[in-house]
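Participant: Each protein sequence line maps, in turn, to chains A and B. Each residue of the first sequence is one higher than the one before, starting from 631 at the first, in my numbering. Each residue of the second sequence is one higher than the one before, starting from 8 at the first, in my numbering.
Possibly wrong hints are sitting among the right ones.
[What the hints assert, rightly or not] Pairs of lysine to any residue residues, derived as SDA-like cross-links and limited to a Cα-Cα distance of at most 20 Å, are as follows:
id : chain 1 : residue 1 : chain 2 : residue 2
1  : A       : K706      : B       : G141
2  : B       : K62       : B       : E80
3  : B       : K54       : A       : T648
4  : B       : K55       : A       : R733
5  : B       : K170      : B       : E268
These are calculated hints, taken from the structure and not from any lab test.
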Amino acid sequence: MSLPSVESLIEKLTQALTPYFSNPESQPLIVGIETGGVWIAEQLRQRIAPAAELGRLDISFYRDDFTRHGLHPTVKPSSLPTDIDDRCIVLVDDVLQSGRTVRAAMNEIFDYGRPSKILLAILIDRGQREIPVQADFVGTSLSLDSNSHIKLEGPEPLQLIVKTLDRHAE
Amino acid sequence: MPNSNLQLDDNGRLRHFLSIEGLDQAILTEILDTAKSFTSVADRPVKKVPILRGKTVANLFFEASTRTRSTFELAEQRLSADILSLNVDTSATAKGESLLDTLQNLEAMQIDMFVIRHQDSGSAHFFAQHVRPGVSVLNAGDGQHEHPTQAMLDMYTIRHYKKDFTGLRVAIVGDILHSRVARSQIHALNLLNTAEVRVIAPRTLMPVAVESLGVRVYDDLEQGLADVDVIIMLRLQRERMRGALLPSEKEYFRRFGLTQERLGRAHPDAIVMHPGPANRGVEIESSVMDGNQSVILQQVSFGISVRMAVMSMIVGQSGLQSGGDA
Numbered sequence: 631m632s633l634p635s636v637e638s639l640i641e642k643l644t645q646a647l648t649p650y651f652s653n654p655e656s657q658p659l660i661v662g663i664e665t666g667g668v669w670i671a672e673q674l675r676q677r678i679a680p681a682a683e684l685g686r687l688d689i690s691f692y693r694d695d696f697t698r699h700g701l702h703p704t705v706k707p708s709s710l711p712t713d714i715d716d717r718c719i720v721l722v723d724d725v726l727q728s729g730r731t732v733r734a735a736m737n738e739i740f741d742y743g744r745p746s747k748i749l750l751a752i753l754i755d756r757g758q759r760e761i762p763v764q765a766d767f768v769g770t771s772l773s774l775d776s777n778s779h780i781k782l783e784g785p786e787p788l789q790l791i792v793k794t795l796d797r798h799a800e
Numbered sequence: 008m009p010n011s012n013l014q015l016d017d018n019g020r021l022r023h024f025l026s027i028e029g030l031d032q033a034i035l036t037e038i039l040d041t042a043k044s045f046t047s048v049a050d051r052p053v054k055k056v057p058i059l060r061g062k063t064v065a066n067l068f069f070e071a072s073t074r075t076r077s078t079f080e081l082a083e084q085r086l087s088a089d090i091l092s093l094n095v096d097t098s099a100t101a102k103g104e105s106l107l108d109t110l111q112n113l114e115a116m117q118i119d120m121f122v123i124r125h126q127d128s129g130s131a132h133f134f135a136q137h138v139r140p141g142v143s144v145l146n147a148g149d150g151q152h153e154h155p156t157q158a159m160l161d162m163y164t165i166r167h168y169k170k171d172f173t174g175l176r177v178a179i180v181g182d183i184l185h186s187r188v189a190r191s192q193i194h195a196l197n198l199l200n201t202a203e204v205r206v207i208a209p210r211t212l213m214p215v216a217v218e219s220l221g222v223r224v225y226d227d228l229e230q231g232l233a234d235v236d237v238i239i240m241l242r243l244q245r246e247r248m249r250g251a252l253l254p255s256e257k258e259y260f261r262r263f264g265l266t267q268e269r270l271g272r273a274h275p276d277a278i279v280m281h282p283g284p285a286n287r288g289v290e291i292e293s294s295v296m297d298g299n300q301s302v303i304l305q306q307v308s309f310g311i312s313v314r315m316a317v318m319s320m321i322v323g324q325s326g327l328q329s330g331g332d333a
């Protein structure tokens, strides 16, 4: 299948998000989810608010499948500005599927404070939700069968890769 | 000797944490890497992650402890566990209940993980042999056998300051005979390919055939400290001594106390460690303990992350990474 260019999807998200940054007094905070989400978030930050700081979340400690899958030994430290109370957060990830990563990210955000609002920006929405999570901004929606795995590779260049998982090989 | 493989499940993952002996370099390195990930949790506004949420951890300290017990408790709380800490003075064992009865009564309270310190060597293994499937045991020090989380926080401290073990000379100084910490450290240092491990002690405080553990033995502190990169001082364990092993504490300090002058024999960048509690003026001079080569307080902080790492590895048993869970 032919995949859209990452550049065109980032541009589409940039256009959609820019109006939210019109008030210099109350700028949203862009927060990427490690690892692919941070790459996209960094691109959006450069295009929309180059002077702003970027938040990063590694949600490994918050995963609901932790007891089944264990912990990757190198979890990157999450970093959010100390005060996120009453700020609007634009949460960014590369692929939205089950919605569990976004749920974990929101749990982690609320350990840092109480944002006024969280908006969700996603490069690829591939459906197959397992919990009721909806993106506010979507680069594109793709329907892939459940054996396919879509992944953003990067950071330079950013490109989308689709792999078909062989269930029997696992 | 109890079977050390009791610690591992069928996939070679940590199931209990009882001794460094019987583990391999890969698991030790995984503990250190995982601990590094947890250090950032202490910098968050809410110092808590939900990894042990809904799990109950019992801390059973049959022997006094300050640092180990409080850092275990903090580690458990930062992982969101519910915790139960039993004080030995008021517990049923003081009234004559057997260890096994204590264990079974606690199991009836649906405890998921036991952290145990006990004066008998092998007690943590004993517990691990008798717990129900799915219940884990962590050794917080058993007699003169091992104290594996202390050794791992010491390894973490060494790696933090020295990066790599392969070029290091490490000296462990003091009461090697009674020290479960030293035993665990020697195993860990050798598994991590430390270039040279030295033990320095009066002959009366040196275990028989200690060379077989893979160490160089010194009974002269100044010779032993020559050019070392790491000095680990041990506490003189008077409470475990039976008979006259030492003339006096003053005499001990005169020959084996770490003074500024003796520290000068080591590498100029050498770090000074002590598992605590330290006896100022007995095994270590006050000015060395408070000096700029001392990393003793950093060891305490690292202890929390290391204990979080071990507990999280035990709970997340399979260790597989999931794909596509977006």
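Participant: Give a verdict on every hint.
Facilitator: Here's how the hints hold up against the structure:
no.	hint	verdict
1	A:K706 - B:G141	violated, 29 Å
2	B:K62 - B:E80	holds, 13 Å
3	B:K54 - A:T648	violated, 34 Å
4	B:K55 - A:R733	holds, 17 Å
5	B:K170 - B:E268	violated, 26 Å
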